[in-house]
Each structure stands twice: as C-alpha cells, then as structure tokens.
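*Asks:* Spelled out from the first residue to the last, the chains are:
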Amino acid sequence: MTIKAIQEDLIDEFSMFENWEERYQYMIDLGKTLPLIDEQYKTQENIIKGCQSRVWVHAEMDGDKVVFTADSDAIITKGIIAILIRVFSNQNPQDIIDADTDFIDEIGLKEHLSPTRANGLVSMIKQLKMYAIAYQTQLN
Amino acid sequence: MFPVEDIRKDFPILQRQVNGKPLVYFDNAATSQTPQQVIDAIVDYYSNYNANIHRGVHSLSQEATDKYEEARLKIQKHFNAKASHEIIMTAGTTHGINLVASGFTALLKKGDEVIVSALEHHSNIVPWQMLCERTGAILKVIPMNDEGELIISAYDELLSEKTKLVFVNHISNALGTINPIESIVQKAHAVGAAVLIDGAQACPHLKADVQALDVDFYVASAHKMCGPTGVGMLYGKEEWLNKLPPYQGGGEMIAEVTFEKTTYADLPHKFEAGTPNICGGIAFGAAIDYMNQIGFKNIETYEHELLDYATKRLLEIEGLKIYGTSKNKTSVISFNLKDIHPYDVGTLLDKMGIAVRTGHHCAQPIMDYFKIPGTIRASFAFYNTKNEIDTLVEGVKKAKMMLS
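Protein chains in written order, with our numbering: chain A, 60 to 199; chain B, 3 to 406.
As a list, the in silico DSBU-like pairs of lysine-lysine whose alpha-carbon atoms are at most 35 Å apart:
no.: 1; chain 1: B; residue 1: Lys400; chain 2: B; residue 2: Lys23
no.: 2; chain 1: B; residue 1: Lys340; chain 2: A; residue 2: Lys185
no.: 3; chain 1: A; residue 1: Lys169; chain 2: B; residue 2: Lys399
no.: 4; chain 1: B; residue 1: Lys323; chain 2: A; residue 2: Lys169
no.: 5; chain 1: B; residue 1: Lys323; chain 2: B; residue 2: Lys400
no.: 6; chain 1: B; residue 1: Lys373; chain 2: A; residue 2: Lys188
no.: 7; chain 1: A; residue 1: Lys101; chain 2: B; residue 2: Lys340
no.: 8; chain 1: B; residue 1: Lys402; chain 2: B; residue 2: Lys314
no.: 9; chain 1: B; residue 1: Lys84; chain 2: B; residue 2: Lys112
no.: 10; chain 1: A; residue 1: Lys91; chain 2: B; residue 2: Lys23
no.: 11; chain 1: A; residue 1: Lys91; chain 2: B; residue 2: Lys340
no.: 12; chain 1: B; residue 1: Lys399; chain 2: B; residue 2: Lys314
no.: 13; chain 1: A; residue 1: Lys63; chain 2: A; residue 2: Lys91
no.: 14; chain 1: B; residue 1: Lys142; chain 2: B; residue 2: Lys323
no.: 15; chain 1: A; residue 1: Lys185; chain 2: A; residue 2: Lys169
no.: 16; chain 1: A; residue 1: Lys188; chain 2: A; residue 2: Lys91
no.: 17; chain 1: A; residue 1: Lys91; chain 2: B; residue 2: Lys314
no.: 18; chain 1: B; residue 1: Lys142; chain 2: B; residue 2: Lys209
no.: 19; chain 1: A; residue 1: Lys169; chain 2: B; residue 2: Lys373
no.: 20; chain 1: A; residue 1: Lys169; chain 2: B; residue 2: Lys388
no.: 21; chain 1: B; residue 1: Lys314; chain 2: B; residue 2: Lys329
no.: 22; chain 1: B; residue 1: Lys245; chain 2: B; residue 2: Lys112
no.: 23; chain 1: B; residue 1: Lys11; chain 2: A; residue 2: Lys169
no.: 24; chain 1: B; residue 1: Lys388; chain 2: B; residue 2: Lys209
no.: 25; chain 1: A; residue 1: Lys91; chain 2: B; residue 2: Lys373
no.: 26; chain 1: B; residue 1: Lys402; chain 2: A; residue 2: Lys169
no.: 27; chain 1: A; residue 1: Lys188; chain 2: A; residue 2: Lys124
no.: 28; chain 1: B; residue 1: Lys189; chain 2: B; residue 2: Lys239
no.: 29; chain 1: B; residue 1: Lys23; chain 2: A; residue 2: Lys169
no.: 30; chain 1: B; residue 1: Lys84; chain 2: B; residue 2: Lys299
no.: 31; chain 1: A; residue 1: Lys101; chain 2: B; residue 2: Lys400
no.: 32; chain 1: B; residue 1: Lys329; chain 2: B; residue 2: Lys373
no.: 33; chain 1: A; residue 1: Lys91; chain 2: B; residue 2: Lys402
no.: 34; chain 1: A; residue 1: Lys185; chain 2: B; residue 2: Lys400
no.: 35; chain 1: A; residue 1: Lys169; chain 2: B; residue 2: Lys400
no.: 36; chain 1: A; residue 1: Lys101; chain 2: B; residue 2: Lys373
no.: 37; chain 1: A; residue 1: Lys91; chain 2: B; residue 2: Lys400
no.: 38; chain 1: A; residue 1: Lys91; chain 2: B; residue 2: Lys399
no.: 39; chain 1: B; residue 1: Lys402; chain 2: A; residue 2: Lys185
no.: 40; chain 1: A; residue 1: Lys185; chain 2: B; residue 2: Lys23
Treat the hints as calculated values from the structure; they're not laboratory data.
The whole structure should be built from the sequences, with the hints applied where relevant.
*Replies:* Given below as structure tokens:
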C-alpha cells in the first residue's frame, strides 16, 4: 500500500469516532497492545528527547524498504507512534522523504505534532525522514 | 467567607472555554492569570502616557517616569525593603539570579564554596554552576527527605568558612514545600556567607519581608502574582549591590561616558541598562495593589483550604501518590497515578478543559530523587474553587479509567 492510501484509510477510520474520548481510547488501546520495538534497540543512541515523554526509534532496511520500529514511555505518545509507523514503515526511502503529514491534522491529532508540544513526536518524524535520506543516499 | 465568586469576575480569562469545556486553570505555579485592574493599567499606559523614562524633559516622559518609580515604591513597600534603590527592576526571577551570579564572578575565588538546595528550579541551579565554572568555586547541595523537605542537619555540615553564598528557593515550584528561610539565613550569616532567596513561588502566596528574613538578595517575578510576564524584581541589601559590578552596559546605567573611562550610575540605575519594561513595571505595581487589596492573610487562609480539600479528594483515588508531603507547604500538589505516565494524564485532562502542568517542572534533580520521569502538578490560586477541584478529581478518575 502506498503512504497516501494508508493515510486515507486512517482518515476513514478516525472519521467513525464521534468524540475525543473514542479517538483517544483508540490510540491508548493501540499504544497498549502493540509491542513496537525490540528491547535491545531501546538504547541511549536511539532515544529522541522530548521534554516529557521519551521516544525510541530504530530503522533497518529490508530489501528496498525501510522498516521502522519505535516506542515511548507514555502510552498516548506510543499510540501516535503506532499510527506513524503504520504510515511510514515498509516504504521506499524516496516515498518516505516525499510524504507529507497533513493527515495528522485530518484525524484530529494536530496538537500532538505542534513544535511546542514536548513529546518528541516532531523530532521523531524528522528522524524518520533522516533515516530515509540516509538509506536513499546508500541506494544511489 | 472569602468572596471567590466576586474575585473571579475580575479575571476575564476565567470565563472562557477550552476544548468546549469551561476552563479550569490549575497551572498557577507556572503563571498566574491577570485581573482586569492590571490589564487596565497596561492599556492606560499605552493609551495615555507611553514615553521613555528618566531622560525626557517633556511631560509624557515625566508622567511615565513618575508612574514607573511609583511602582518601584510599591514593590519596596510590599517586600519591606529599607530603601527603594535596593529594588532593581528586572525581566524576571531568572534575570535577577543571573545578575547576582554574574556579579559574584568578581567576588569568588577557586576553592570557595556555594550551597544550593536539592529542591531548586533549574534557574536557581544553572547560573550558579556557570559561576562555579568561571571562578573554580565548588557547588554543594543540601539534600532533601522523602517528604520533600530540606535536611537542615546536612546543611549545617556543609556550612564552613569556605561558604560564600547560599541560594535556596522560598517555596519549591515542583512540590510546594515552604523552606525554613530564617534559619537558613541565620546559619549562613554565622559563617559570613550571603544568601539569595528565589521567591518566584512564594510571591503569589505570602508576603515576604526581606528585612525580617534578613536575606541579602530576594528575587521574584510579576507574572507569578497577577502581573505581566517579562518583569520582576531583585532586592539586594545596599552594601551587597554596591559590591557587585554592573551586569549589563548601556544607557541609563552610566554617570559619565568617555572613551577613556565610564563611571556608573548610582543604585538602582547601575543595574538597569537600557530602556526597561516600563509598562510591565507599572503593571507589576498594579498587581501588587490588587493582591494586597484582597489581602495576603485572606489569600493564605483560603488557599490552604483549597489545598486541604484537594489533598483529601485526590487521595480518594486508588493508586494516586502525592509527592511533597511536608506539613509546611503551599497550594501545589504534585502527583502521579500508579503505572501511568504523567504526560498521558495531562493530555487527557487538557481535553477536559483542565490545565495542569506535567513533566519535571524544570526541577530534574527532584524527579531523580523520587525516580520518576515527572509528575502531574495542580497548583491553586485564590481565584480557584472547590468546584473546580471536584472537576479535577473527576477528570483524573476518567483519565485513569481510560489509561488503565
């Protein structure tokens, strides 16, 4: 599936929620159920420091696709990470580089990606793109 | 009875909604809200007598200067400084601390010791660490106990003739603990050390008397006590302010300038280079008037009632732990829910229109002590109500249910 198609799926799914409680409960459940990262990658090196919640990101290549795994110590942050991983993982580096994140606004999570929000998510997206750029350079 | 409903009418912001819910503002320790009386002072300044001060011969400048100096007198009276030139207008608490820390560069030498407490905000740690780096002085730390109180017997052991400076907050921003300032000052003075007290968290809750406390320096911010941001005050005993060199060079702080040599202005102008926050200073004065009109005794009694009520209600929630349990504390409650990250709780409370602070509150050493990433902090002001506390309690219960 292309990044765009996954984003459209997400927008569809989130449009079913009638209020913020349902939307957040969904993210919390996502955050709770998904084992997102291998413990060995929860290293100081892979940490993205937000002021409040911490985020770990690990990337590796599988064929011509970048596979991301990530985690956070805060569950809502982890839920949002799960959504970002669904969008960006298992994609070609160039597609990751070219992708936008406008869907976040459409699914009502914009506030979490404001640069003033101290949860590390903005830095996380930057990091995902950095990995993609690095892998793309290798491919070239 | 405390007229809280009437008082709330003074604060336009308390009428607004956040995320579709009436705002419950419990982040007062970060910044307090602004009453109409202070907003009016700001509007009045820019509408009627905006001019640069201390230099114009024209009437507007004179009016602005008079009002600004009047504000300094209000601050002097409020904190009971001996003389108005002992009040330096600053950009806020952090600015005041940096001014003093910078000045001490000339007064410290390698091997001298300075003492900080484990309860400090980063702004009362980092400037002193930088001072130690510049001078080779050594930073010592007064430890705290599980209640979030300073261990005074350990302080006694740290003090020696090497101690030159002690800096402690009056009230901890993260936990609300009120520190025993009188005894900290007396003991420091006994070994000849100067004391700076960070009053940022105390100024909204109590009236500090700098002469009675016998502190050498006291710093505070207007925005913690119903005034605007970007303005604050540094009190310094005259003898100390005379010993410290100027902090910043510029206009206003000079007596005479030639390219060979500049002589500096007298106190307080020596430390007030450049055009100050004139409007902010005047509004700071208006905020002090406003709070004194309500009365600090009344504020203290009412806030204590809120603290007791909130403590009791929050502890009804299973798995909720309060950090900072000193008997001597102000209306600040730092807490966590078992196995739940504070950021998650804060995020959900925000959706319910409840503003709390989450995180380490710029006091990482305290969080390290308790081995937690942070806390949820609800801090109450005299314009908060028990109803709002009930809303918080319901909100925390709901967040807990969603996150468990």
